[in-house]
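Trainee: Residues per chain are reported as follows:
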Amino acid sequence: MLATVGADIPLDLLNATRRFAGPLGWNVDRPTPRADAWLESKFAPWARSILEDWADGRLDELAQVIFSRSDDNSQRLYYYICELRERGALAGPEPVIFDVARLRRSSSRDHMVMQVRKLAERLDLDGSDIERGIAETNVHRSKLASAPSKVRDGRVCLLAGTAPPDRRLHHIIEAAGWIASGPTLGDIWRDPGDAVVERTGRPIEAIADQLYATQGGPRGFYDSASRIAQHAADAGSNAAILWYTEEEEALVWHLPAQRRALEQAGIPSLILTRRDWAARDGVDIEIENFLKELNG
Amino acid sequence: MTTATGQRSRKLLACTAEANAYQKAFGQQLKRRVVDDGEPFVIAQADTPHEIFHAMDIPVIANQWWSAYISAKQLSGRYFDAMVEKGYPANSCKYCSLGLACTLANDPATAPWGGLPRPTMLVARLTCDCIQHVFGQWAEALDTEFFPIEAPAWEHKDAQWFAHSRTDWEEIYGPERIALLVKEMRDLIATLEKRTGRTFDEEKFRLLMERTNEQEAYIWEAAQAIGTARPCPVSIAEQMPNVMIPQWHRGSEWAVAHARKFRDEVMDRIAAGAGASSSERIRLMWIGAGLWHDPGFYQALEESIGAVFVWSMYMPFAGPQYIRDLKGKPMEALASRICSMNEVLHLPPWMNGWMTSEAERCGIDAAVILLPPDNRLSQSGTKLTAQALEAAGVPVLMIDADMVDAKNWDHDRMVRMVADFLAERGVA
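Same order as they appear, the protein sequences are chains A and B.
For reference, each letter of the first sequence is one residue, going 1 to 296 in this note's numbering.
For reference, each letter of the second sequence is one residue, going 1001 to 1428 in this note's numbering.
Isolated chain B, as found in the complex (with noise of 0.2 Å):
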């Protein structure tokens, strides 16, 4: 059985709960208009080309958050226990699947919307062995279109990619890969046409970019500013929803106007000393996805030992891998951003490379990794990243959790994991 621990986060900026709020609103809004009016929707993956649906108004569902949504309800328990009883081994893997064993378990009592009516179309990149099975399914289960993206090999290995990606990046991504990418959101675009009815504008769609690479302009301002902020001005429970919520958005005017007031926040809260902990004398780094079933976890050290996490990928990821000089191919240069998304942050050398330049940027004193223990993907990069920062200097704590799965997780046994960790690296 599930057992729920997790704990909420405390929030100190007043733009978390606005963006917290605008999230909830726009829940509402889109259950409206997929549920109650019947619009067309997408499902589609996070590493997805959501600018595409955004610029054609076609409402998106992101499996993530959903799967975030649903874990958040403190169901995931009940859908996975219900693919189990569908036949499905109890090990399959658990971060992508959360929303079809909820499609599955067929409960319109219990599921989030009464459970998600049919979309126009599934969409998902093919960047683990599994995705294509779980959307495959779940497509058939609500009985609409799959459409899968291609997700290439990459042979340009550039362990200092994030250096130069947003100018660079046609040899960074490849010129092939991304030719691959642009016909095939070509394809997307015309089958969803064809779907909906709507149209693809260009230029509103490069407007779009332009936004984007506002917003995550001012998210990376503010990133790195952390970096280098003695004390932390906002751990990373706050970081998530003020950089994850406009992600969702990204290029609206709501996201980019949100951007810009969490960047202020951010700087107002440095220039007036102000730390997410009271006395700041650990600098931590969480590597993997957010934990969305226990929040509270990412705060529980601040105030007893000082500990705070002060990176997680989100916040950060906004400079190199979303900002990108458009050069007058805007398609291209989305192309760049979504065809190596996910392998930065799961492959090495892209990983290592990052992650270890970024924990000496921020001044990480001890990082802790999550690892799924059944999700190659998301294990995937996890050893070779840990031994690059050890060998840099950093102590790392690797756990055996689920971002979505509260099984097995017990907050005070992990945050007693963590704090025994730094005290026996001599870091607290």
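Just chain A, same shape as in the assembly (with noise of 0.2 Å):
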């Protein structure tokens, strides 16, 4: 079986396997004292426990884990790993980079279509795999896009900023009476992107312009206010929370201007920078005076 870490990794190729089991998960709360050893501060979290389950042998029923370049934290972890093998320290699946190329240059696209080549040859997919793998994550974007979203009536809260580990975010907000609007980390990790063109007779092709053309994460480049505000809009935000972790280091570089669209779409925000991954510093408080606040 196949596992992945970080986003931006063509899950058509790795749909096409059927060996996909997922992105690794990780646990927020449990102790991570050997991957502590290894890891320096600046890790995200979820990083110290996916190489605590890696050298725990939880992983190991595992074939391959594909590491993704288009995250800090994924990619410098796959550089660990493959060092701690190699040092006889971790044993455990055998860990891949898929690298992204995300510059708007015919160069950084040829690589992206290099790169996608690479993996699909590492995954021994042929051509006719391949499409059926698209046509396969086709039908599951479709399936994700028709599902019937869960209308609610109430007062919507957008939640942004690092990715929260898991709902308990959205949880709080949820326990103050507010709707919760925002993906985790692993929505992100999960989400195959929009749909790739089908029978193109070129399918490596496809998936890398699918690939190439998504803009978003760490290392995308976009106009972060005016995404933020769109997502606002789209969402009906009546307020927002701007979320960034301790160890967050470039969503962060965002933050003065998505307060300022807040700000000029006339929706209250609420600033938490430098916090607790797994929400344990108070945050709870902070949201349910922020949100009682705004319900007068």
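Quick caveat, the hints were computed from the structure, so don't treat them as lab data.
Note that the coordinates shown come from a computational prediction; the quantities given were computed from them, not determined experimentally.
Be careful, since some hints might not be right.
What the hints assert, rightly or not - Keeping only pairs whose Cα atoms sit at most 30 Å apart, straight-line, the calculated DSS-like set for lysine-lysine is:
(1) Lys1011/B / Lys1407/B
(2) Lys1327/B / Lys1157/B
(3) Lys1204/B / Lys1024/B
(4) Lys118/A / Lys1329/B
(5) Lys1086/B / Lys292/A
(6) Lys118/A / Lys1327/B
(7) Lys118/A / Lys1157/B
(8) Lys1183/B / Lys1329/B
(9) Lys1407/B / Lys1073/B
(10) Lys118/A / Lys1183/B
(11) Lys1024/B / Lys1407/B
To be verified - Some residues of chain A that are not near chain B, with every Cβ distance over 10 Å (derived):
(12) Glu121
(13) Lys143
(14) Thr214
(15) Val283
As the list claims (entries may be wrong) - Which residues of chain A face chain B? A partial, calculated answer using Cβ under 7 Å:
(16) Trp38
(17) Lys42
(18) Ile97
(19) Asp99
(20) Ser108
(21) Pro218
(22) Val252
(23) Thr273
No residue lacks a Cβ here, since even glycine has one placed at the ideal position from N, Cα and C.
From the two separate chains plus the hints, produce the assembled complex.
Mentor: Right, dumping it as structure tokens:
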């Protein structure tokens, strides 16, 4: 079986293998003594949990884990795991890295094509396998798109910034009588993205083009102010919480622009920086007070 | 508030003063060219192909040099405070953002040169997740263009890369990665030609690459001699300016001549048995960027306990990461120099492989590793490297501090910490 770490990995290819177990998970609350001995303080906590699982042998049933280059945590974790395997400190699955190029230049687009081709070869997939993977993943995409959204009455609070580990922040918002809107990290890693064009005769390029067109996450090039304003409008947000962890070092650069965009849109916001990923830092009280005040 | 406790370093070499004087004059000339005369110029990260700018005679301000310049003027705290006032968290990455902070502070009265004018473009390799945001926002603030360069994954892992990178660079750095950067550099050249009206001269570039090889060979020769000499003729406090100042001007006549002069002076001191310390007893390794706000730190224990910092990355890096057999392909050779410049210093297996080997080559007794608290890239690989060094018999002290932000830095406390560590580990 195969698993992934990070976003922007071509799920069409992984689905085509029929061996895809999904993204690796994490345990927010577990101690990670061995991982702490290897990883420095700025690594995201999910990286510690995954590395601890790896060291514990909990991932031994997997054959390979594909790491994404689109996130600095996942790419560095890949190199560390390779090194620890080399030293004999770890066993478990073979780590593989999937390179992601995002720049708006033909050289980057060509590089993406090459990387998708390389991964397909590594996974021993031929053209028909890949076309099948695209078709099956597109069906999944259609189902996601057409799933009836849970229409709920109430005021919506957008949750943005660092993607939280699970729905614990959403639950805090919901406990205050609001509807929480915003993905968890797992949602992002499982997101297959937009549909890939089928039956082009060049499925590798079709997948690469879809990935290349995606601009999100820590290494994406996009107007963060417009994007949060759009997300807020799409969700019908009445409030927003911009939440960043202590380890966050990319998305936090969007903060001043996003804060201004929300102000201009007349959406009150609560800014929470340098926070505990496990939300053990009193964030529940702060969110409750913020939303209570808005409730009037 | 920032507490400035840094101390100046003590200079033993005549060429150190010459390098510093040259850089001071260069700074004035650069200011005249870009501020007074309004010439086109580029702001670029250190790990970008400066050779292209030099070959096109386009002045370049290296972000790290500019940061060090601001930091040396004890202005970092003021500008980082300004960033917080603008709504950025206090723990945002410091090393690459000081220039942006200075621009956003928008205080010509305090800013070096009264602040930077509008550059032609900003150039950075995307080696971490924050650099594109820092440079993107800096470009926006300066109303100019940002030219990012990919930092692709590197699958060919050779822990002994340094032993044959001069000759086998295609294999070590990967043909795909080299080809990608060559295409990007061609795009960069085309964009610069369009923006500045200056042309890229292939022959001038080839000569520059050859002269850079000559320059780095002098530095590497001196680095090898320092590794075996007892006592160490020159501590890293003087290695750094004599390597890094010519490095910013690599391939120029002055840089080549200065590297030769530095090599000669090092060799003379070795021949005379002259040491950085009058009684060297402990040879130390410094792992991390230069401590620009307190260069005197490196020499603080030389006389009291004979502890000499003999190694930092800047000087020995000249051999494995700069010198390249050109093979009639100077652009590809340059790409192989640039495409992993950061990675070999911050990622396993390259970082730990090289530094463990260097510790052995230089007879290192103990190592001190800088662990900047808010910078994943600069922290990266340090724990695995520390473990590799300890396994090789080299005690390691890791200190939480930042290379440009003087906050939380206390010279006396840090010196004491090193002295205590050496005593506790039985080195002193």
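Trainee: Output the indices of the hints that this structure fails to meet, ascending.
Mentor: none
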